[in-house]
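Chemist: Listed here are the chains, written in short residue letters.
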Amino acid sequence: MTSTAAVGISAEGAAGALVASVQDLSIHFKTKAGMVHAVDGVSFDIRDGETLGLVGETGCGKSVTARSFMRLVASPPGVYAGGKIDFWSSEARAAGGGPVNLLTIADDEMLEIRGNRIAMIFQDPGKALNPALSIGNQLAEVFLQHRSEELLESFGPNPPVIIRRAANQESGKVERVLLKLPPLRSKAAKVRGEVEDRVAAALAETQIPNPRKVMDRYPHELSGGMKQRVLIAQALACNPDLLIADEPTTALDVTIQAKILKLIRELQQRHHTSVLYISHDLSLVREISDRVAVMYAGRIAEIGSTDDVFRQPLHPYTRSLMAAVPSSRNKRGELAAIEGNVPELIDPQPSCRFHTRCPYAAEVCGEVDPRFLRHDFEHGVACHIYDEPAELGIGPDKLPSYERRTR
Amino acid sequence: MTSVQAEWLERDRSVGDRPVMTLLGVEKYFPIKDGVLQKVVGHVKAVDGVSLEVRRGETLGLVGESGCGKTTLGRCISGITSPTGGGIYFRLSDVDRAALEDILAVPEGDRTSEQRKRMEQIESRHLVTALTGDAWRAYRRNCQVVFQDAFSSLNPRQLVKDIVGRPLRIHKEASGAELTERVVSLLESVGMGRQHLFRYPHQFSGGQRQRISIARALALDPEFIVLDEPTSALDVSVQAQILNLLHELQRDRGLTYLFISHDLGVVRLMSDRIAVMYLGEVVEQGTATELFERPRHPYTDALLAANPDLDADVDKEIEGLEGTVPDPANPPEGCRFHTRCPVATPICGWEVDDAVSWLSVETDLLESMTGVERRSNFDATLAFADDDSAEAVGKAISGGSMPPAMSPALESMSVEASKVLLKFRPVAPVELEMVEPGHVTSCVLHTSRRREL
Amino acid sequence: MADVAQPRTVIPPATGALSVRLRRTGEVTVQTLRNPVTVIGLVIIVLMFAMALLAPVITTPNEPNPYQMPRDWTALNEPPGTAGHPLGTTAHGGDVLYGVIWGSRTSLRLSIIVVAVTVTIGIVVGSLAGFIGGKVDEILMRVVDVFLAIPELIFALAIAAVLGPSFTNIILALAIVYWVKYARIIRGQIIHVKQNEYVDSARVIGDTKFRIYLKDVLPNSITPVMVQATMDMGAIVLVGATLSFIGLSEAGLAEWGVLVSEGQVGISTGRWWASTFPGLMIFLWALAFNLVGDGLRDVLDPRTESR
Chain Z
1 MTSTAAVGIS AEGAAGALVA SVQDLSIHFK TKAGMVHAVD GVSFDIRDGE
51 TLGLVGETGC GKSVTARSFM RLVASPPGVY AGGKIDFWSS EARAAGGGPV
101 NLLTIADDEM LEIRGNRIAM IFQDPGKALN PALSIGNQLA EVFLQHRSEE
151 LLESFGPNPP VIIRRAANQE SGKVERVLLK LPPLRSKAAK VRGEVEDRVA
201 AALAETQIPN PRKVMDRYPH ELSGGMKQRV LIAQALACNP DLLIADEPTT
251 ALDVTIQAKI LKLIRELQQR HHTSVLYISH DLSLVREISD RVAVMYAGRI
301 AEIGSTDDVF RQPLHPYTRS LMAAVPSSRN KRGELAAIEG NVPELIDPQP
351 SCRFHTRCPY AAEVCGEVDP RFLRHDFEHG VACHIYDEPA ELGIGPDKLP
401 SYERRTR
Chain P
1 MTSVQAEWLE RDRSVGDRPV MTLLGVEKYF PIKDGVLQKV VGHVKAVDGV
51 SLEVRRGETL GLVGESGCGK TTLGRCISGI TSPTGGGIYF RLSDVDRAAL
101 EDILAVPEGD RTSEQRKRME QIESRHLVTA LTGDAWRAYR RNCQVVFQDA
151 FSSLNPRQLV KDIVGRPLRI HKEASGAELT ERVVSLLESV GMGRQHLFRY
201 PHQFSGGQRQ RISIARALAL DPEFIVLDEP TSALDVSVQA QILNLLHELQ
251 RDRGLTYLFI SHDLGVVRLM SDRIAVMYLG EVVEQGTATE LFERPRHPYT
301 DALLAANPDL DADVDKEIEG LEGTVPDPAN PPEGCRFHTR CPVATPICGW
351 EVDDAVSWLS VETDLLESMT GVERRSNFDA TLAFADDDSA EAVGKAISGG
401 SMPPAMSPAL ESMSVEASKV LLKFRPVAPV ELEMVEPGHV TSCVLHTSRR
451 REL
Chain H
1 MADVAQPRTV IPPATGALSV RLRRTGEVTV QTLRNPVTVI GLVIIVLMFA
51 MALLAPVITT PNEPNPYQMP RDWTALNEPP GTAGHPLGTT AHGGDVLYGV
101 IWGSRTSLRL SIIVVAVTVT IGIVVGSLAG FIGGKVDEIL MRVVDVFLAI
151 PELIFALAIA AVLGPSFTNI ILALAIVYWV KYARIIRGQI IHVKQNEYVD
201 SARVIGDTKF RIYLKDVLPN SITPVMVQAT MDMGAIVLVG ATLSFIGLSE
251 AGLAEWGVLV SEGQVGISTG RWWASTFPGL MIFLWALAFN LVGDGLRDVL
301 DPRTESR
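Protein chains in written order, with this note's numbering: chain Z, 1 to 407; chain P, 1 to 453; chain H, 1 to 307.
Chain P is faced by these chain Z residues, among others (derived, beta-carbon under 10 Å): (1) S223; (2) G225; (3) L284; (4) S320.
Hints listed in this document are in silico derivations from the structure and should not be mistaken for laboratory results.
Glycine included, each C-beta is placed from N, C-alpha and C at the ideal position.
Start from the sequences, fold in the hints, and give me the full structure.
Modeler: Okay, structure coming up:
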């Protein structure tokens, strides 16, 4: 297992406060064939208010990395194999406190954070909504779970115990019956009304027309784009510090996708949320991210600002990937395809994972894990070309210059 | 159809510029059933009047978003389903096509017996749904398909050898050792090898499975292949390999492709000509370069604007589309895109549904609407619970807050007690018109109809 | 977890289709045997089958009909452990051990015949309904609904009343009632499998509907039927025993249910062995097939199949 600690990039306080810092994260999976090193020493930071794009092809480990933030990786077969994910909530930062390690905090602390400080939206909006609950009821969950105190504000400093328990969704059977009777019924209705107001406001923020009507609808009555807006509303309901978006627009048409991306951008700016955006689509990531991290076979290959990475890709994998995307420049039949396949990640040897497919590979590439180095200011790469050019006989200046013509 | 003629059909592949597939007014409607007795209450018009042709040796790209009908059209062309209206013709010569169109222009009852005979003759030899015997076999062998999901397009219980060799076995082209050899050569032509013969699909990666699919499609040495999103489920690096392979095969074997995809970048690269579909119709068609550099339809514009492009300026932002796609069971009579079009005009075909849609989104005046009495898509009466509501709606409509493209199209509006009578100017369906050689569009902003504005 | 690079299984060089198919069957078998519970069930089944097949060898068959319990008036109600009767005798002097052994033969006959018949009818009807669809499907499914409404017990009683109580009639009654289950199972599977594109592919290649059914649809729909058939081998005997117990079978038959029925009279007076041993056998038989069926289902489940 290599140490690819981002030297010099994740220094706390550099270029703005941090919301999260992944350090040397490793997640392995136990399979019959051996231990699959799905995520193997991944490090990157997410800064306050920025969108970090995590891009890579199938099997690179980006989804597993994202799910680790909220401990959603099934274990077994998932095995935590090292590293940590530090997280600074806005309260912690305001109070000058330190981070918590999302991988080790207690379960009830994690419950506090999930949906509240960190939220996640997934690829298939159809599967993320409970078909048996109306939209209003689903979104109400978020508020009842995390904002029950605010809901009780109108009752003054001492709300009746039974109402408090109702707001916290802790009512027993008897209490539920009592809540239906006149003296308590109006109070319960008041809480309910508060919840509905907030749900309507959350939906309205995502530009859903007629939020009150939509609240009464069921998921199957909505289009894919609408469902995704509902999920975004749910995710941002409690003003999280970090939004993790795992390929949220892959299942949507391109015209709807554009609208959803703009929406995420707007809401992000309004609420000052940081976003970790995961995608396999390079061009999409370029549109939406401030900084980009390219993942390959469980490791970070390159990381830097979107401008830098796309204009001057350093890692041979990044270059190959960009060359493989069809463009108006390509002639038919001459797309730069990367030969070979992604290697199996079972108990791998120390080596650069890309070396079997890399056009510049040398002996050292098959024997030593490449270190992650800062090449330029903020632009980091894990490749021997930049580390030991002498060994390879080729230095970064000798690499064919890469320029994708812009229109 | 004699076997001599069938032979002629087979060998005729190298002759002339005859189109491989001709579509005339193809429609595919799916019935909507409702109620206890499952009565048919309407139809989803997945494909609603598509005419185009695929010429030998070219790649025609078919592009559009979900619900536009491109996949259904692909399935009709490859014979998996039959169209409910119009015709799909295989190897229809220009002469025959002209004759056919003339005959079709005459209402059925008025056709002479000569015309009927001629039509029957043409249909028995070319109409895909009417082919039998050798003619049908010729079509079947020359029209193959590659699907998107290579996992569900390969029988998980069959070995690769059986999957790729099956077409040969069915058509009795080879057996035994010869079959195996031919399968091996097919596998080699798609970049795989003998060692893959005796394996099951689940033992391969997505890209390899797609190669197996392609090998199977090539088994009978077809003339024409329908590629239905062949690389949409693959990673970018694998996609590049497969696209290169497809091009190589086309070049080496003189193949004709129908390339269906939602990915503009891929379609642009792989196609010679492209047809853009929206809600069951072709809205624009032209060469790949023409379409991308000088689009002549707002929907094509919208697709291009929404498409994240690696080559575009980093500051250029992608734009989406507002509005909702109309109900495919009751599409607009005029231009189908007008409900979302950023540059819609008054002659685009505004209907009562648009007014209702606008009222329900921008106001809450429709809360008390009790019913809509439709005389046509353009002419209806909205009934409300009370006179005040009707009056409020009337005020909103005449008040000037209606979208500027919609209000000139409103012929008349009157409020009577608790009812509002709306009448829009009826509009003829939009037609595809050639605006430049080889470039057709149906948008009134670009066709001769712009004179009406 | 589609993100994780799936390890591709290492395939030794293949030599031919047959060897590959055999290897695949071997792999499935090995995987089934990995589950210890399944192995236990399998062992019990093997023992029972052995007992059934070797019955004429391990015991002296009764004359004239070996399936009738022998009656030894000299040894009535002997407890287990008496000479010559390790498990005791019944109220009619029949050897309980004989009944247990020959009962397994009877049970084997019952379950094999009923399962074979019901699976065949079920597959045929279900395939027609699922594959052809439309009106055929509707009509056949209404027929299935009618049959499903028949309570097997009452039906068996009716048959017994009309045709007289006999073991063959129990087989008949069960066969008539049980096929609908398979029809439904395979119809559902076929409808699901039909949506796969490899079925469309086969049509585009030009294959006939029947061959598409045989090569593409049936093999991919059959696994739940196989699992259910395995479990039914056990369940049928249970039901058969129940029917025998209430007297729909022939008296004196060497069949577990009959034995339990005839022996229950003695339980109040402390003569437990005539009912208990046959009852134990019913339990073991049903249990064994359930265990194997479960193990089979775990292995044949499509989700694990795709790896």
